[in-house]
Amino acid sequence: MLTALAVILPALAGRILGRLLRTALLLTLPIAVSVLVVNLFFFPAGREILFQVGPIRATAEGLGFALETLARIGAISGAITLFYLTTPPSELVLDLEHRGISPRVAFVALASVQTIPALVERASTITAAQRARGLDTEGSVWRRLRGVLPLAGPVLLGSITEVEERTMALEARGFTRPGRRTLLWWPPDSSHQRLARWLLVLAVPLLVVARALGWLGWLG
Amino acid sequence: MLTLESVTYRYAGAPHPSLHEVSLQLHDGEVLGLVGASEAGKTTLCLVASGLAPRTVGGTLTGRLLLNGEDAAALPMHELAGRIGIAFASPATQLSGVAATVYEEVAFGPMNLGVPRPELIARTEEALAALRIEALADRDPARLSGGQQQLVAIAGLLALRPAHLVLDEPTAQLDPAGTAMVATALAALAANGASILIAEQKTGLLAGICTRVVALEAGRAVLDGVAAEILADPRLTRLGVAPPAAVRLRRQAGESNLPAAVLARLDEGLEAER
Chain A
1 MLTALAVILP ALAGRILGRL LRTALLLTLP IAVSVLVVNL FFFPAGREIL FQVGPIRATA
61 EGLGFALETL ARIGAISGAI TLFYLTTPPS ELVLDLEHRG ISPRVAFVAL ASVQTIPALV
121 ERASTITAAQ RARGLDTEGS VWRRLRGVLP LAGPVLLGSI TEVEERTMAL EARGFTRPGR
181 RTLLWWPPDS SHQRLARWLL VLAVPLLVVA RALGWLGWLG
Chain B
1 MLTLESVTYR YAGAPHPSLH EVSLQLHDGE VLGLVGASEA GKTTLCLVAS GLAPRTVGGT
61 LTGRLLLNGE DAAALPMHEL AGRIGIAFAS PATQLSGVAA TVYEEVAFGP MNLGVPRPEL
121 IARTEEALAA LRIEALADRD PARLSGGQQQ LVAIAGLLAL RPAHLVLDEP TAQLDPAGTA
181 MVATALAALA ANGASILIAE QKTGLLAGIC TRVVALEAGR AVLDGVAAEI LADPRLTRLG
241 VAPPAAVRLR RQAGESNLPA AVLARLDEGL EAER
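Protein chains in written order, with this note's numbering: chain A, 1 to 220; chain B, 1 to 274.
A couple of the hints might just be wrong.
[Said to hold, decoys possible] For the chain A half of the interface with chain B, some residues (derived, Cβ under 8 Å), not all of them:
1. 107
2. 172
3. 175
4. 187
5. 188
6. 189
7. 190
8. 194
Source of the hints: derived by calculation from the structure; they are not laboratory data. Built from N, CA and C at the ideal position, the CB exists for glycine as well.
Model the full structure from these sequences, guided by the hints.
Quick look at the structure:
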């Protein structure tokens, strides 16, 4: 409950509650359905029968456990989605670099994120080229699977052969210089944000202790 | 001054060298054009002249690359980056891949060199202005056209303010307007004392900006001289290089028995155009 509040309130403040709920729901839907079905009907310690479908019994204990698990999954996916929706990777990495992580680590982190759209674009170009030469990428699952190999090969090999030219271009732009580099900008950090971070850090041990002592009741 | 002293270079695993005993001097403020058919060794010469071969590319090199008399092999790569800039033909691989905007992309090189922030901003804005791409500053480099990306890559090179520039077919993906912009920017750099080595198929571009031209054939420098003379040399066609349109026009006019006065007017016009 506390985690849900910790996710929903900032999402409301950032006006992204709708997007947050949609994304978190999409993320958790498949696992949520299986958790609900398995626990509702097959909870081993289930005694109190809610209803019965043939030989399978839905139990109240199972439902309770399923809802508890769902709340946990929802809290985790909500927190991750909130982070994803409010923190662009480039800003996160710039901030980390500003705080002292190595420029190379920052580069690798950013390049891996930025490479995904480039790979997707390359894959679509290669798909178009392969289809122009008669490759069947539509129709049955088996046909689509057969189309994956002629696509994956050029996408991966093309990326590998580009590495040499990329390395040369990076070297020619002074990337291998040791020491810190000048940053053009970094995300602003207000005193409110710093205060909020410290409060969150302090809240973690307090909540752990409170939970262990059973002070939180239904909230935790 | 950038000097190649009797350079022979062989790629790792290749049976024969791609460059044979090539010597050339690139003086400050000079724009040297490099022409030749495919596989004549233009790209290889660019890689050697920029210090990337054999250091990054591998392979074996005999002979020396000198920068104002100093052996480049003794300098660390990042120091070379501040002195020699290189641009390649394909724009996508030259971009850093980590910049969210064109502005950050252009600033990437000087950022790496630790240039102080006010100077970094000045350099970036100057480079954007030189290629008239200020309007692209906030765009995502990955979402630009090939020609626009090439201009961004060249701007990124200009922001490094190197004394020597090596450009391997920098206008391959550019339209005539983009090509003209690059030509103007290069001419301005050369006027400020930078030396430029440019490998190009567009001999018309070379005629406009080069002071000297070297022609390569199978890894050897076979012609070397004043740009106007080399680009008008009949041997160029045999080497697989198309002479500039103006040269072809003058040649055909000369073979058409036109009156001397008409030819003189044509020469005046071509000279003014150049």
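Please name the hints from earlier in the document that this structure breaks, with their numbers sorted from lowest to highest.
4, 5, 6, 7 and 8
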